[in-house]
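Participant: Using the hints, position chain B against chain A.
There are 2 protein chains.
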Amino acid sequence: MSTPFAAWAEQVQADMEVVLDRHLPPASALPTKLHQAMRYAVLGGGKRVRPLLVFAAGTLFDAPRDALERSAAAVEMIHAYSLVHDDMPCMDDDDLRRGKPTVHRQFDEATALLVGDALQSQAFLVLSQGALAPDRKVAMLSQLAHAAGSLGMCGGQAVDLDAVGIALALPELEQMHRLKTGALLRVSVLLGAYAGKALQADEQAALDSYADAIGLAFQVVDDILDATADSATLGKTAGKDAAHNKPTYVSILGLQPSLALAEKLRQDAHHALQPFGEAAIRLRELADLIVQRKA
Amino acid sequence: MSTPFAAWAEQVQADMEVVLDRHLPPASALPTKLHQAMRYAVLGGGKRVRPLLVFAAGTLFDAPRDALERSAAAVEMIHAYSLVHDDMPCMDDDDLRRGKPTVHRQFDEATALLVGDALQSQAFLVLSQGALAPDRKVAMLSQLAHAAGSLGMCGGQAVDLDAVGIALALPELEQMHRLKTGALLRVSVLLGAYAGKALQADEQAALDSYADAIGLAFQVVDDILDATADSATLGKTAGKDAAHNKPTYVSILGLQPSLALAEKLRQDAHHALQPFGEAAIRLRELADLIVQRKA
Chain A
1 MSTPFAAWAE QVQADMEVVL DRHLPPASAL PTKLHQAMRY AVLGGGKRVR
51 PLLVFAAGTL FDAPRDALER SAAAVEMIHA YSLVHDDMPC MDDDDLRRGK
101 PTVHRQFDEA TALLVGDALQ SQAFLVLSQG ALAPDRKVAM LSQLAHAAGS
151 LGMCGGQAVD LDAVGIALAL PELEQMHRLK TGALLRVSVL LGAYAGKALQ
201 ADEQAALDSY ADAIGLAFQV VDDILDATAD SATLGKTAGK DAAHNKPTYV
251 SILGLQPSLA LAEKLRQDAH HALQPFGEAA IRLRELADLI VQRKA
Chain B
296 MSTPFAAWAE QVQADMEVVL DRHLPPASAL PTKLHQAMRY AVLGGGKRVR
346 PLLVFAAGTL FDAPRDALER SAAAVEMIHA YSLVHDDMPC MDDDDLRRGK
396 PTVHRQFDEA TALLVGDALQ SQAFLVLSQG ALAPDRKVAM LSQLAHAAGS
446 LGMCGGQAVD LDAVGIALAL PELEQMHRLK TGALLRVSVL LGAYAGKALQ
496 ADEQAALDSY ADAIGLAFQV VDDILDATAD SATLGKTAGK DAAHNKPTYV
546 SILGLQPSLA LAEKLRQDAH HALQPFGEAA IRLRELADLI VQRKA
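These protein sequence lines map, in sequence, to chains A and B. Be aware that the first sequence starts at 1, since it is given in the numbering used here, and climbs by one per residue. Be aware that the second sequence starts at 296, since it is given in the numbering used here, and climbs by one per residue.
Hints listed in this document are in silico derivations from the structure and should not be mistaken for laboratory results. Watch out, some of these pointers could steer you wrong.
What the hints assert, rightly or not - Result set (DSSO-like, lysine-lysine): computed pairs, CA atoms no more than 30 Å apart in a straight line:
(1) B:Lys589 - B:Lys541
(2) A:Lys240 - B:Lys328
(3) B:Lys559 - B:Lys395
(4) B:Lys492 - B:Lys342
(5) A:Lys100 - A:Lys246
(6) B:Lys541 - A:Lys33
(7) B:Lys492 - A:Lys197
(8) A:Lys100 - A:Lys294
(9) A:Lys33 - B:Lys535
(10) B:Lys559 - B:Lys541
(11) B:Lys541 - B:Lys395
(12) B:Lys328 - A:Lys246
(13) B:Lys589 - B:Lys395
(14) A:Lys197 - A:Lys240
(15) A:Lys246 - A:Lys294
What the hints assert, rightly or not - Just a sample of chain A residues kept apart from chain B, beta carbon distances all over 12 Å, derived:
(16) Ala169
(17) Asp208
(18) Ile224
(19) Leu255
(20) Gln256
(21) Pro275
Unchecked claim - Partial chain A-side listing against chain B, Cβ under 7 Å, derived:
(22) His85
(23) Asp86
(24) Lys137
Keep in mind the model is a prediction, meaning the values are calculated, not measured. Note that the Cβ used here is the ideal one computed from N, Cα and C, for glycine as well.
In isolation and in its complexed conformation, chain A is listed as follows (with noise of 0.2 Å):
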């Protein structure tokens, strides 16, 4: 019995199989052992929660189907570079990642690295080809770029090394999660809607809220999940974050304040929508999915 909504997200999911593989050089071409491995870290798995984003934003702004899967693939193959750099020794030192060995310890560390960075180059390419019209493109490429560097995910990960061991604040852990979760969650969905209109200033205001919203539920979720679950239930290891001595919601506020916390974000997300009206019903369901998942 499967909800309009969880058929949606599966069709989504398995959708972005094709359209990742597609968008990825082909595991034969030359280097092979460098393509092989960009697609082991970007395809057989995920949640593909940006790309939900991206398909569930450019609905309500009725987007061309090849400019969603163009801009659900950039900022997957974002997330993806991101996931493989952080798992390096040098960074978290992760073996485990969506159930699987990490790219450096199926392959080796040199080529996670080149997998990284080229997965990066691969979403701004991606993005800048089809047969949107130029401005949109640019627009688009540019909000990607800035997500993604030193004042949003890069930014973000940065503050969070050097968050080891300090007793951040509340403001200063949001501010961080901010960039490093929350840059990428918000370009998602103003790339799906980028990719259907240029947006009003209420529009992308309202984007903003919701996108805001989701961003910090999602790393609050994280971070619950991270005190709570097992690794089999991830795909990751859990409880790294008390291992690390990192600052959480729930070290710092403790775990039913972040369960309440994460409720009222949830509901945040729900009044951002409300100009959009019955329209956004899968933004809606998509900000209940990122605070009520389990894994």
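Facilitator: For chain B alone, coordinates are given in the frame of chain A:
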């Protein structure tokens, strides 16, 4: 007694410090350590060969100054990021770059990883901004992404990794360098030209021939210098190809034939520029510089 070419090149090199400074986030922006490390990796030295190519090609096609500056900054950021990652322990494990400690030595490995990642994003961000027409920008972003990725620079590095200790034949060595170094040199020429106008097919072909020749020449000369110069002159560790048992033009062809090949490629580059007449003087002189440099 500076020649007009030398004076022009020195001016571009000096200008690039200002241009790169302007197009990098300030050192005071959060996260400050990451931004300081990004600036350390990019500013204060380097031959700026790629920006020189951008400006020389741009002058030939009357490109606007801001578009040239952005193109030059973008290719130099891609180049700088590749050096930072290349120097890391899992790759070449090098301590010295441009006469200074490498980024992972001056800071730490995790920071070096993020510096490279963030510089790549910044390159695409800088190129996506500015006043150039959107269709031109999209073409340039697409070319840069292709040149940087798995079918360009990253692909060449992957081939290089796998070539250690293997007796590459000359065609394979050439193919590796076409990707590893040639792709980014070629795109430097193309971005400078595209910033001025959409190229005719014959103009594009002529520039491609030129870029192919100087790209290979650059690597042949690099191999010659690695075998013959000292670390102090190079500003990086000399003799490391032989130490790492890497195939080079010198190890395959011998020193004198390598010198003769470099000279032939210089003449090929001049020949390719004939359709552009006297206006291509800076590109010709750059071919001379690349072949006749001592470091």
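Participant: None of the hints should be skipped; say for each whether it holds.
Facilitator: The hints, checked one at a time:
1. B:Lys589 - B:Lys541: Given pair Lys589 (chain B), Lys541 (chain B) holds - Cα atoms ~21 Å apart, limit 30 Å.
2. A:Lys240 - B:Lys328: holds (25 Å)
3. B:Lys559 - B:Lys395: violated (34 Å)
4. B:Lys492 - B:Lys342: Distance ~27 Å between Lys492 (chain B) and Lys342 (chain B) Cα, so the pair holds.
5. A:Lys100 - A:Lys246: holds (24 Å)
6. B:Lys541 - A:Lys33: holds (19 Å)
7. B:Lys492 - A:Lys197: holds (29 Å)
8. A:Lys100 - A:Lys294: Distance of about 19 Å is within 30 Å: holds.
9. A:Lys33 - B:Lys535: holds (25 Å)
10. B:Lys559 - B:Lys541: holds (24 Å)
11. B:Lys541 - B:Lys395: holds (24 Å)
12. B:Lys328 - A:Lys246: holds (19 Å)
13. B:Lys589 - B:Lys395: Holds, at about 19 Å.
14. A:Lys197 - A:Lys240: Violated - the C-alpha atoms of Lys240 (chain A) and Lys197 (chain A) are around 42 Å apart, more than 30 Å.
15. A:Lys246 - A:Lys294: Roughly 21 Å separates the two Cα atoms, so the pair holds.
16. Ala169: holds (15 Å)
17. Asp208: holds (19 Å)
18. Ile224: Correct as stated: the minimum Cβ-Cβ distance to chain B is 26 Å, above 12 Å.
19. Leu255: holds (29 Å)
20. Gln256: holds (31 Å)
21. Pro275: holds (29 Å)
22. His85: With a closest approach of 6 Å, the His85 (chain A) hint holds.
23. Asp86: At about 9 Å, which exceeds the 7 Å cut-off, the nearest Cβ of chain B leaves the hint on Asp86 (chain A) violated.
24. Lys137: Hint on Lys137 (chain A): holds, closest Cβ of chain B at ~5 Å, below 7 Å.
Consistency with the previously given hints fails for numbers 3, 14, 23, ordered from lowest to highest.
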